[in-house]
Structure formats: C-alpha cells, structure tokens
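> Residue strings, one per chain:
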Amino acid sequence: MPVYRPPHIAASEITPRQVYMSRRKFIGTAAAGAFLAGAGSALAAPLTASPSRFSTDEKLTPKEAVTSYNNFYEFGTAKSDPAERSGQFDPLPWSVKVDGLVGKPREFGIEELMKMPLEDRVYRLRCVEGWSMVIPWIGFPLAALLDQVEPLGSAKYVSFETVVRPEEMPGQTGFFQPLEWPYVEGLRLDEARHPLTILSVGLYGETLPNQNGAPIRLIVPWKYGFKSIKSIVKISLVEEQPETTWKNSNAREYGFYSNVNPEVDHPRWSQATEQRIGEGGFFSVANRPTLKFNGYADEVAGLYDGMDLKANF
Amino acid sequence: MTVIPSLSRRLHGPSIWALYVIGLCPAAWYFYQGATGGLGVNPVKTFEHLLGIWALRFLIATLAITPLRDIVGVNWLRYRRALGLLAFYYVVMHFSVWLILDRGLEVSSIAGDIVKRPYITIGIVCLVSLVPLAVTSNNWSIRRLGPRWSKLHQLIYPVALGGALHYLLAVKSVTFQPFVHIGLVAVLLAYRPLRKPFLAWKRGGNPRVARAGR
Numbered sequence: 001m002p003v004y005r006p007p008h009i010a011a012s013e014i015t016p017r018q019v020y021m022s023r024r025k026f027i028g029t030a031a032a033g034a035f036l037a038g039a040g041s042a043l044a045a046p047l048t049a050s051p052s053r054f055s056t057d058e059k060l061t062p063k064e065a066v067t068s069y070n071n072f073y074e075f076g077t078a079k080s081d082p083a084e085r086s087g088q089f090d091p092l093p094w095s096v097k098v099d100g101l102v103g104k105p106r107e108f109g110i111e112e113l114m115k116m117p118l119e120d121r122v123y124r125l126r127c128v129e130g131w132s133m134v135i136p137w138i139g140f141p142l143a144a145l146l147d148q149v150e151p152l153g154s155a156k157y158v159s160f161e162t163v164v165r166p167e168e169m170p171g172q173t174g175f176f177q178p179l180e181w182p183y184v185e186g187l188r189l190d191e192a193r194h195p196l197t198i199l200s201v202g203l204y205g206e207t208l209p210n211q212n213g214a215p216i217r218l219i220v221p222w223k224y225g226f227k228s229i230k231s232i233v234k235i236s237l238v239e240e241q242p243e244t245t246w247k248n249s250n251a252r253e254y255g256f257y258s259n260v261n262p263e264v265d266h267p268r269w270s271q272a273t274e275q276r277i278g279e280g281g282f283f284s285v286a287n288r289p290t291l292k293f294n295g296y297a298d299e300v301a302g303l304y305d306g307m308d309l310k311a312n313f
Numbered sequence: 001m002t003v004i005p006s007l008s009r010r011l012h013g014p015s016i017w018a019l020y021v022i023g024l025c026p027a028a029w030y031f032y033q034g035a036t037g038g039l040g041v042n043p044v045k046t047f048e049h050l051l052g053i054w055a056l057r058f059l060i061a062t063l064a065i066t067p068l069r070d071i072v073g074v075n076w077l078r079y080r081r082a083l084g085l086l087a088f089y090y091v092v093m094h095f096s097v098w099l100i101l102d103r104g105l106e107v108s109s110i111a112g113d114i115v116k117r118p119y120i121t122i123g124i125v126c127l128v129s130l131v132p133l134a135v136t137s138n139n140w141s142i143r144r145l146g147p148r149w150s151k152l153h154q155l156i157y158p159v160a161l162g163g164a165l166h167y168l169l170a171v172k173s174v175t176f177q178p179f180v181h182i183g184l185v186a187v188l189l190a191y192r193p194l195r196k197p198f199l200a201w202k203r204g205g206n207p208r209v210a211r212a213g214r
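Heads up: the sequence lines are chains W and E, in that order. Residues 1 to 313 in our numbering are what the first sequence spells out, letter by letter. Residues 1 to 214 in our numbering are what the second sequence spells out, letter by letter.
Wrong hints could be hidden among the right ones.
Claimed, not checked - Residues from chain E that face chain W, not an exhaustive set, calculated with beta carbons under 8 Å:
id	residue
1	105
2	173
3	199
Stated by the list, open to error - Calculated from the model, a selection of chain W residues having no Cβ within reach of chain E, i.e. all distances over 12 Å:
id	residue
4	45
5	56
6	67
7	78
8	265
Unchecked claim - Distance condition first, Cα-Cα at most 25 Å in a straight line; then the derived BS3-like pairs of lysine-lysine:
id	chain 1	residue 1	chain 2	residue 2
9	E	151	E	196
10	W	156	W	104
11	W	310	E	151
12	W	310	W	59
13	W	115	W	97
14	W	292	E	116
Simulated from the structure, these hints should not be mistaken for lab results. On a predicted model such as this, the values are computed, not experimentally measured, just so you know. No residue lacks a Cβ here, since even glycine has one placed at the ideal position from N, Cα and C.
Looking at chain W on its own, in the form it has when it is part of the complex (with noise of 0.2 Å):
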C-alpha cells in the first residue's frame, strides 16, 4: 500500500504572507459590502445609529473642520498633517485585544465592534490647546464592551493603547518625534463605565476618517481632546493608574485626570475661554466661556466629590 507523500512544493510557489493577507482582506472586503467598503476617508461607509439623549443640540462643526483641523501626531504635529499624511494608512483588518483583569480576555475583530448597537453621539470637544468643536460621533458605550469581558474585582483602571505603524504613520518616523509611541492613555474604572464614555466608529454619518482616529478611538466629552485616544488596537484593566502619554512628556502641565476646568489654568495659557472653530471668521473670532467638565458636570461631577480637582489636574 503506497504511503501518501504531500507533495514538494517549491519556496517560489509559496505565496507570501503580505499576498496573501491583501487577498483575504479583498474578499472580506467585498463580502462585507458597503458596511466596510473602506473606513479610509476617500472611502468612507455610511453607518446607521439610533439618537442618544446624550447629544446636545448645539450648532455642529462643519465636517470639514472637523476632518482637516486634527491633532493626531502619529501622522505629524500640524493641524493639517492627519488629513494630508494618513492616505497611506490601512485600518482594515483591525482588531482591539482586550486583557489584563479581566474574566474573559479576548480580541474583538472591528467587524464585532461595528454590529455593537450604535448610537449617535453629537458632543461637545475641548481640545487643550484652548479652541472647541461639536462633533455628531457614531458609538457605542464602552461599558458595553466591558461587559463583555467581564472586568474582576481587583481592576480599578483601564488603559488604552494607539497601534504603532511607523511604515504607515509619518510621525512614528524620522528625527523629530515630540512623543513617545505608541500614545498610551488611560481612565478611571468609574470615569470607562460612564454613559457619556464611548468607543467611536464613525462621525457625520459615516465611518471615521484615518485623520480622526480610524477605525476605532475613545471619545470622553468632558476631558480635554488628548484623553480620547485614537486608533486604538489594545485595551487593559489593570490595578494601578496607567501611564498616560502627555503626562509622561509633561507631568507638570498634563495631569491624569485632564478634565476640562476653566478654573484651574495650563501653566502656560489661560482654560477660561475657548475658541469655537468653524464659526466667526477672520475678523470675527468665535471665543466663548469654558464651561466646568466642558458642560457635562450635571453627569459626571459625582464621580469627583471631594476630590480636590487643582490637585488632581
């Protein structure tokens, strides 16, 4: 009786792992549909969401605002760099590993993530810097994903994690790099399972653009803009306050905490007033009054009581 024998095949013929991954990633592609067609902002795909309660109906951030003013210093430090930079980054596959203290440590292909109930978000954003937006953000609660697995007693931080893709991030590269990668921020258990916390898909209707924090990012409307890390690909509960990425390069100015406070200034610019971009014009600046937890302390001011919020900045 013949013995089977796998056939010799040639190293030539092997397909490389790139060829291959590229081809699966076309037919899961087209499979998907519209759903996925491209997260990529030439490409962006139409997501539908339920309305929240949560939305304020302030006026919105004209989308074009919105995704040509970013900071987002993986693709550079000018506010037009994420939108000029980011054309050669890939979101697709993603996956979000979510570990540490938790009962069910498991990865989340962002296929999951999309069918999570979505939920239009229109907040409010503060960036430090002192100027603002409102942005119509597509969502779920990241409780919900919490949930999921199942977070054990002894967890009292979450800590998130940005991907690192110096082949597809300018700023990852080069001579002059401001921050260390991969960006790295963090919460309070409390401050994760809060309602107004989300996980971010999509803004103005359709998914996000990479300059906005493809294909996943964090969005906490009543901490300054740099809290609400982007693209992020790793998420882990943990017992102790996580390392956060501005923190490590300035602890003196960027605080844990980083909520929005007009009463407690940056050591090198006044918080008290902010600027609305996209409305006034050149000859009309739109500044207005910083409202305590960027106006969301009817929800959230409990989680401080007693804290002392100059301390803990």
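With chain W held as given, fit chain E onto it using these hints.
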C-alpha cells in the same frame, strides 16, 4: 573670496527698497488668504503664528549680517536696517492680530494674560524693547547718538533671546520648525562672545582680511 557677485553701487538704494517690498509680501499674502478663507478653519491663529514666525525670521536675518561678513566675507550691512525694521513691523502685526482679531480687544482678559502668562509677558517686553530701536534706526539718530547708538542697539540680543523663548513657551511640543528657529537664534547669539577671538585669529592667519574686518 566670495561666489556672490557684487551689486553695482547705483542699485544699492533700490535694492534696499525692494527688500522692504518683498519683506512685506508674506504678511500681505497671508492677510489676503485669511480674509478670503485660504488659511484653513482657524485663520486668525494661523495668521498670528505666521506673522510671529516671520518676525523671528527677520530677527535671525538681522543677526546673521555680522557673522556673514566676518566668516563668509559678504558685506550686506546696508540691508541690516531694513531687516531689523521688518522684524519690528512683523512683531507689531503679530501683536495687533493677537490683540484685535484673536482676543477681540477684551481688555480685562488681555491684561490678565500679559501678567499671568510668562510667554506673553516676554513677548510684550520684546515688543516694547524694539520700539526705541525702531525709532532710532534713522541716519540722524545714528549721528546724534554716536557711540551710545551701538550700546542701545545691543538690545537686539536680549530681544532675540526673548523672541526665541516666547516661541518655545508657546508651543505644545518642540517640533522641527521651532527647533530650527530657536536653534538659529542660539547659534547667532553664541557667536557674539566668540567674535573678537575669531576675528583676532583670522587676522593672525590672514592680514588681508584683517584690514577689511576692521
């Protein structure tokens, strides 16, 4: 020895006036862009920052005239006044845009900013320090003040230092552009205490330059 052809004496005057015109072009162009929606979604901040960077560039150019003459042998001393005044004009425009377009002339918040924010305090001190230099930049003042004129105009050194510091403190992180500008100011200021020994060394090695450098 220099590769730059010398300009006919007849054209010295016109070339200085051309420098003023060319030097004011960035401001005019950015103003036009800002007013017509060409400076992005935050045109006032962009305009304000561009004016500040150009002010620093003209300060750098002003400070570069002396080392250029000492080291390369190119004498552009005739352009130094224009460069210094252009720096002053840009500082005034930078300040005015901040005051009027950015802060909307809100006196109370402006006063608070000037007192409380070190980088704004430094900026204001630099602006004020430049005023006597601009006022005494004419030939009459130079003759009238004599040796005191040189002494007074050494104020440009602390002003350049202050300008660089103002820039350093105003940015969220030191990226390529601030690094280059601040670095140039640092190099040009560092040259000043080295100048005398450098010229002495050069004179020792090459007597012909010694005569020209005096």
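> Need the list of violated hint numbers for this structure, in ascending order.
Result: hints 1, 3, 6, 7, 8, 11 and 12 break, sorted rising.
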